[in-house]
Amino acid sequence: MRVVEFRIDRRSGVATYLQIVLQVKQALRLGLLAPGDKLPTAKEVVAATAINPNTVLKAYRELDREGLVEPRPGLGTFVRRSLARPEAAADSPLRAELADWTDRARAAGLDREDVAALVASVLDEGFGDHARREAHDVNKGNKGTA
Amino acid sequence: MTDLTFQPDRTALQAVGLGVKHRRGWALRDCSFRLPAGRICALVGPNGAGKSTLLSLAAGLRRPTTGSLTAFGAGPTDPAIRPRVAFVAQEKPLYPHFTVADTLRLGHELNPGVWDQAAAERLVRDGGLPFGARVGSLSGGQRTRVALALAFGKKPELLLLDEPMSDLDPLVRHQMMAALMAEAAERATTVVMASHVLAELDGVCDYLLLMADGQVRLAGEVEDLIAAHTLLLGRHEGPALPPELAGHTVVESRATGRQFSALVRTDGPVAGRWEATEPSLEELLLAHLRAPGAPALLTPSAEPRGAAKAAA
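Taken in order, these protein sequences are the chains called A and B. Each residue of the first sequence is one higher than the last, beginning at 951 in this note's numbering. Each residue of the second sequence is one higher than the last, beginning at 209 in this note's numbering.
No lab work stands behind these hints: they were computed from the structure. One should not assume that every hint holds.
[Stated by the list, open to error] Straight-line alpha carbon distances no greater than 20 Å define the calculated EDC-like cross-link-like pairs of lysine to aspartate or glutamate that follow: (1) K993/A <-> D1053/A; (2) K993/A <-> D377/B; (3) K300/B <-> E394/B; (4) K993/A <-> E394/B; (5) K363/B <-> E994/A.
[To be verified] Simulated restraints on C-beta separations: (6) T273/B <-> E955/A: 22 to 32 Å; (7) A499/B <-> A1058/A: 52 to 62 Å; (8) A504/B <-> G1076/A: 24 to 34 Å; (9) G476/B <-> R1056/A: 53 to 63 Å; (10) D959/A <-> S374/B: 33 to 43 Å.
Remember, predicted model here, so these are calculated numbers, not experimental data. Even glycine gets a Cβ: it sits at the ideal position worked out from N, Cα and C.
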């Protein structure tokens, strides 16, 4: 059974292998992928997306390097650890507070973009520009098409 | 499968001083390059660049006037090499009076011992083609599917495709490209794909051979070729190139009012205030096609190697 499916956007400007890396991480965060799950084989991915198989292998190597997955020779590539945080789960108190706050912001007349801008500026204060630097690195990682 | 499919030390195709003379002049002149095995290589260039000539040489359908072309270390007409190479020509030559089933049978008879009937049938069946239909009654896209099925059935180590997807609608093109990539993933097939449609190659090909006027202009890993170039945007007036660019190779430059932009092969950092971005594959190709005078660039893996290293 295939657990995840990758969506490749050739116009995004983000390198294809990085799109796969980011989508696996997102699936790990959301709990769509859990330790022990098998990632689709390169052949399965390219048969669905028509991208170069080496791109898939490069993405899996990167995930392996980060300790998130492990190749088991002859069997495939398996998830090693999760990125899901219980603190950020659907029933967590932090999320409930944020939902509550969002309701108040809306009641105060802010629209979606106002809220997004406000959240972004508070995030920058709280986390420094770390998150932005990471996003920048992602853009810099856009080396060609592979 | 954790190893990358390309095998950097095995050579799939190598040209040294390759030239082909037609009645009206040279179709290929002094071409030298190397294609490592397991790569999916885009063969790009304007009409008349020599792409089809190069593919027919690699398929062993014609012989060079000068120099040499080898596939897996031997001449493409070598009986030991022919079974390892498949070629789908632009016009997809098939027997129009044969049915689809007859055509696959032909593939079976002509490729004893290696023919993969299941792979060929799968491709035909995925397109919903009736096995009893005569090839002459099929649409262009359906004939392409049959031609690719013949090529896949041969289980080649080197697959040469001349404008393979040009007559396919977008859905079928995606299906065929996906089937091609899946085959390549399974068998580590080296693929050379001539195409005009640059968008078709982006994300699919990891190696590039750009030809113009019978000569190799760029050869190497797509990633490395892109990384070797920078798009510079800045302020500069006057007809001369900005002095800061001396010492770098300017492929193409444009001046619009005070704005100056250039695609440059940088040799170290560029002095001055420039906004530097990495070109896209399409920008890289278009700039080189517009600037035929720019010197050729081969990455190290695309430089021909001595005969000793050409593993059979």
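Hints, one by one, checked against the model:
1. The straight-line distance between the Cα atoms of K993/A and D1053/A is roughly 46 Å, outside the 20 Å bound, and the hint therefore fails.
2. Note on K993/A and D377/B: the hinted pairing is violated, with a Cα-Cα distance of about 23 Å set against a maximum of 20 Å.
3. A distance of roughly 25 Å separates the Cα atoms of K300/B and E394/B; the hinted pair therefore is violated under the 20 Å criterion.
4. Between the alpha carbons of K993/A and E394/B the distance comes to roughly 7 Å, so the proposed pair stays at or under 20 Å and holds.
5. Under the criterion of a C-alpha separation no larger than 20 Å, the hint pairing K363/B with E994/A is consistent with the structure, at around 19 Å.
6. As the Cβ distance of T273/B to E955/A is approximately 51 Å, the hint placing it in 22 to 32 Å is violated.
7. Checked against the hint of 52 to 62 Å, the pair A499/B and A1058/A passes, with Cβ atoms roughly 57 Å apart.
8. At roughly 52 Å, the beta-carbon separation of A504/B and G1076/A lies outside the given 24 to 34 Å, and the hint is violated.
9. Distance hint for G476/B and R1056/A: a CB-CB separation of about 54 Å, consistent with the stated range 53 to 63 Å.
10. Judged by the Cβ atoms, the range 33 to 43 Å given for D959/A and S374/B is violated: they are separated by roughly 24 Å.
Against the hints set out earlier in the document, violations occur for numbers 1, 2, 3, 6, 8, 10.
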